[in-house]
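Chemist: Between the sequences and the hints, there should be enough to build the whole structure, so can you do that?
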Amino acid sequence: MRRRTFLYGGAAAASVALPGWAQAQQVSPGIDLASKTVTVGAFTPITGPVPFYSILTHAADACFKWASDSNALNGWKINFVTYDDGYEPARSVAVTRRLVEENKIFALTAATGTAQSVAVIPYAKEVGLPMIGPIGGASALFSERLVFPLLPDYGWSAASNLDYALSGLNASRVALLWENDELGRSAKRGFDLYLEARKKQPAESIPFEVRSTDFTPHVRRLANAKAEVVILFGSNANLAAALKAAERINYEAKWMGPFFTADPTTRKLAGPLLDGAYFSSWLLPVTSDEPEVKAYRDNVAKHYPNDPIGVFGLNGWSNGALFVKGFQALLASGKPLTRESLVEVMETMSNQNIGGARNVTFKPGDHRGVRQEGIIQAMPDGSFKLLREFRPFPAEVFDAKIS
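Start counting the sequence shown at 0; every next residue gets the next number (numbering that gives the first Met the number 0).
This list has only true hints and no planted wrong ones.
DEER-style ranges, computed between Cβ atoms:
{"id": "1", "residue 1": "R220", "residue 2": "G74", "range": "57 to 67 Å"}
{"id": "2", "residue 1": "K198", "residue 2": "V126", "range": "40 to 50 Å"}
{"id": "3", "residue 1": "V126", "residue 2": "K225", "range": "48 to 58 Å"}
{"id": "4", "residue 1": "Q200", "residue 2": "Y122", "range": "33 to 43 Å"}
{"id": "5", "residue 1": "Q327", "residue 2": "K293", "range": "13 to 23 Å"}
{"id": "6", "residue 1": "V126", "residue 2": "K362", "range": "23 to 33 Å"}
{"id": "7", "residue 1": "S171", "residue 2": "R219", "range": "18 to 28 Å"}
{"id": "8", "residue 1": "V126", "residue 2": "D68", "range": "25 to 35 Å"}
Straight-line Cα separation of at most 25 Å, SDA-like style, residue types lysine to any residue; simulated pairs:
{"id": "9", "residue 1": "K267", "residue 2": "H302"}
{"id": "10", "residue 1": "K243", "residue 2": "N223"}
{"id": "11", "residue 1": "K253", "residue 2": "D213"}
{"id": "12", "residue 1": "K362", "residue 2": "A328"}
{"id": "13", "residue 1": "K334", "residue 2": "T347"}
{"id": "14", "residue 1": "K293", "residue 2": "Q376"}
{"id": "15", "residue 1": "K400", "residue 2": "N358"}
{"id": "16", "residue 1": "K199", "residue 2": "Q371"}
{"id": "17", "residue 1": "K301", "residue 2": "D288"}
{"id": "18", "residue 1": "K384", "residue 2": "E251"}
{"id": "19", "residue 1": "K243", "residue 2": "V49"}
{"id": "20", "residue 1": "K225", "residue 2": "T215"}
{"id": "21", "residue 1": "K35", "residue 2": "R97"}
{"id": "22", "residue 1": "K301", "residue 2": "A71"}
{"id": "23", "residue 1": "K267", "residue 2": "A252"}
{"id": "24", "residue 1": "K267", "residue 2": "D380"}
{"id": "25", "residue 1": "K199", "residue 2": "D398"}
{"id": "26", "residue 1": "K267", "residue 2": "P48"}
{"id": "27", "residue 1": "K103", "residue 2": "R338"}
{"id": "28", "residue 1": "K253", "residue 2": "R390"}
{"id": "29", "residue 1": "K334", "residue 2": "S34"}
No lab work stands behind these hints: they were computed from the structure. Keep in mind it's a predicted model, so treat the numbers as computed, not measured. Every residue, glycine too, gets a C-beta built ideally from N, C-alpha and C.
Modeler: And the structure:
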């Protein structure tokens, strides 16, 4: 199992006296008061079907380096330990256990994968491990006290896509292609719920496996169903493969996807076939002049110059920034530096700007972090243009009870 350790820390600033924590007799694993170091960890798919997802981990690491350089944590350093899980949920659990038992992590932070993060929840509950910024969008992630997702439920995003397909694109026949795991099933729940509220039926609803490379059979079904708009919830590689299959059989439709596919990585895989595709996005455009987004561009270019600057990387950065913001609040609170205290302060976060996200809020019993999305489109010049400003997720889906 491959390991990467990211340890950052520039010249330590003068210690700031914060009541309580310096004298705390009890701290959780992962806290080293003497060196002012907090150790966090993540699983990441260096191998497997989506090795380019390591961009997410690089961006989170760049965020931690930025926090040190800007003295955001009053001289504290973050020791960021990651292991390869091959994008396999069973391995994600094994990696998390190793991080807890061997590396003594304080929290799981910016771990990559929806099904992977869901699989880890039972073990995290067993050991009391906070999961800060899991990079996934499943309904199960919003119903656990230890889990603080920044990403929206993919069901909410699917509903945002569907709302735009029906009202913005005036489509009457909309289909869903969904990855047959928790990512896709969450999208399907939102898609179905929104259609039910509108008393409409899908043109098609077709599952596929995460490792699928040939979408010809799926696309033929879409063509036979005369779907005008296809919403695909899967990986960047899945979207590119589906677009290529559509070209092969001369099937023309408008394509939509989740925010993370609106990225140069997809452009590299799909080429000009991506032109015109639409995406729901909870993140500001990467060209934004907002300081947090500029910090992402500058620091990823500095520390990982070979990684593309895009929504995909901004996602990883923002999930890293969520831990930075939470640890800042913990230090300022005067509470003992424990996992339980971290959970307590995270539940007081209200309307915060976190990386490329805005108005992030967590409350006891309500861990829905972001609450709005915009619609962007892939342009022929390689850019992504904001077509519809950010607006709340459709209430029929956002306010639905999470099972």
